[in-house]
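These protein sequence lines map, in sequence, to chains F and A.
Position one of the first sequence corresponds to residue 1 (the numbering used here), numbered consecutively onward.
Position one of the second sequence corresponds to residue 1 (the numbering used here), numbered consecutively onward.
Hint data in this document are derived by calculation from the structure and do not stem from the laboratory.
Every value quoted in this text rests on a predicted model; they were computed, and no experiment measured them.
Listed next, with one range per pair, are the computed distances between beta-carbon atoms:
#1 Ser-207(A) with Gly-124(F): 45 to 51 Å
#2 Asn-162(F) with Val-13(A): 50 to 56 Å
#3 Glu-28(A) with Leu-163(F): 45 to 51 Å
#4 Val-165(F) with Val-366(A): 17 to 23 Å
#5 Gly-37(A) with His-157(F): 53 to 59 Å
#6 Pro-18(A) with Leu-163(F): 45 to 51 Å
#7 Glu-24(F) with Val-366(A): 52 to 58 Å
#8 Glu-24(F) with Gly-37(A): 30 to 36 Å
#9 Arg-12(A) with Arg-92(F): 20 to 26 Å
#10 Val-13(A) with Pro-146(F): 50 to 56 Å
Capping the alpha-carbon separation at 35 Å, the derived lysine-lysine pairs in DSBU-like fashion look like this:
#11 Lys-248(A) with Lys-168(F)
#12 Lys-356(A) with Lys-168(F)
#13 Lys-183(F) with Lys-176(A)
#14 Lys-187(F) with Lys-35(A)
#15 Lys-368(A) with Lys-322(A)
#16 Lys-368(A) with Lys-154(F)
Chain A stretches covered by chain F per the calculated footprint, using a threshold of three residues with CB under 8 Å from any CB of chain F:
#17 91–103
#18 266–279
#19 308–315
#20 387–393
By construction, the Cβ of each residue, glycine as well, lies at the ideal position given by its N, Cα and C atoms.
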Amino acid sequence: MALDLSINKYADVPYEEKERLFDEAKADGRWEHVLYGCYECGICVAACPSARFYDFSPRVIAQAVAREDVDLVYTLMNDSVWDCSQCFSCDRCPRQNSPGQIITVLREVAVRNGLQTAKQALEGYGRIIYKIMSTGSQVSPDMLQPNAFPDWGKHVHEISENLEVWRKALPPETLHTIETGWKVDEKTIIELYLIWHMTGVMNMIEEIDEGLFMILVDVMEERLEEAGYDVTFD
Amino acid sequence: MIHLPVVKATDRVFDIDPNEAPTHDLREELFQLEKEGELEVIRVPEPYMEVKTKFGRIKKIPVEKTWHHKSCGQCGHIPGYSTSIFWLNRAFNLDYHDPTDQTSCTAWNYYASATSNPEAQAAVAIRNFAAAHEVGYFPLIHCGTSFGHYKEVRHALVHQPDLRRKVRDIMKRLGKKLVVPEEIVHYSEWVYAMRDRIAERQVVDMSNITATVHPACHYHKLIEEDAIYSEEIYGAQRTAIITGVLEKLGINVADYSTWFDCCGFGFRHILVSRDFSRSFSVQRKIEVMMEEASPDVTVTHDTGCVTTLDQSQVVGKAHDKKVGLPVMSDSQMAALAMGAHPYKVLQLHWHNTNNKPFLEKIGIDVEKTWAEFEAECAKIKSGEKQYMTWEDAAK
Ligand code: SF4
Ligand code: SF4
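All chains, full assembly: derive it from the sequences and hints.
Put into structure tokens, the structure is as follows:
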């Protein structure tokens, strides 16, 4: 679908609000290391897989942020950044930009501010966030269910039917797990929860999915309490 | 689709002179920061192997005392990948550590959902590095994304004093130090550096095999100067990773015109926008490989690449696309060449695309080896055995 980059697209959002979000991106510690201007050469587009599939252009994004086009940056932050596949093929930019990382920063601003488009882009993604935050392992054997991967064919059925036995038929002792990729110590999980607490990332989850936030807080606070920590995520 | 002619090797030699590198050697800055008391550098343990990187600098690869930073996608969905890495270490009788005090890099929260921030990401990385250092081992990173991401984290920690301070404070509260490895090492670099020793122990002839190679984006595009290059492979114009190993095993590595393209994984896409992953993977990678190189197998060195290239072929087949190419990791190929069991060690039943013709072409009796694996499963089912052990896998 063609991307609507006209100024009318988000005309109802006050300019000051768009500027506030852009300022948040510019204040990020990574910004000065990922944007040095833009030659508009299009090398990033030539290397970009998402540009082949979507109406998407890292050049347009680099140009918009380099020219500080506040309206356009807001439109792209909503309608474009989630198409990027974060492959960093664009890191070959002759200006030493990293359009992929510019996008990472813009996405984080979108999440921190709970933009509706960010919520839509992450619909169906909650189970991954839950897994990562609560177990420290992003992908796990029990995710291999036919309803989660219908387009992976009957092979997923075969795996899910044999999952328990096949996991036990793995020689490394750490891999006999179902809910996590490998066996993780309780102390390790507690340290991970303390990192989440100290770095404020749970606020980002709250902005994007309040229900998920509440479930995660319950799980984490209980385990932290059992480990002797009096920590709340509010 | 336009198919470009495959570029052939040239006789011209391009010198790589580290003195003319366009980037600083980060390790010098790391050691300087260590002198200033800002952090502690974890040294590569001796003995180590030396390889050349993109701009001709030397990178140290540890032989042993490696702390295996596992990949959640490998361990969770294609566990023969990591099992093969461990099998290789055991075959050479090397001292390695498979930790339980390890989290994943959590980079899905970074590249896919953007629900993390630089402090959290760096703290997760350093917590893992500290866990390795505490038990006296050196991190060896199994996942291409964790590898690329940890390189980014290391860069950020060197160049952003404020981030360094924040992460040091977090580590202090966890009772840990801010420790940063001298080298960030990917397991495939270890396989590459060990290639002569692997070839010496080869028992399965693979000289009738043609393979294509897919290099992982997060290996050679993120912090590009840290990837392995060699004058002997592609004239040092592309990373030598994987290709160097396959050539040592006598495999014919065939070129194809979309070698540089990504696999289509896309992080967010592989889970919630899979139309992109499927289309890109089939149309820009598998079909091109099949049409231009007619390979028996395609070999890659990252979790997401194996998964995407393999699983996307199901829908490709339904649409009558030219698919049906087995996908494996370099660790599996190396282990297979050294005689590892295709199911007990390589665990190929977790892969989707039919790999039977490939296995038969190198003389493996598929029915027999599968029956051997099933016999182990039967013992587990009956309660005769709780698990299959390394000893069982060696039978
Ligand atoms: S490659 Fe760099 S300079 Fe060229 S268009 Fe892209 S961002 Fe701009
Ligand atoms: S990181 Fe994003 S913008 Fe850059 S090449 Fe990959 S998909 Fe394109």
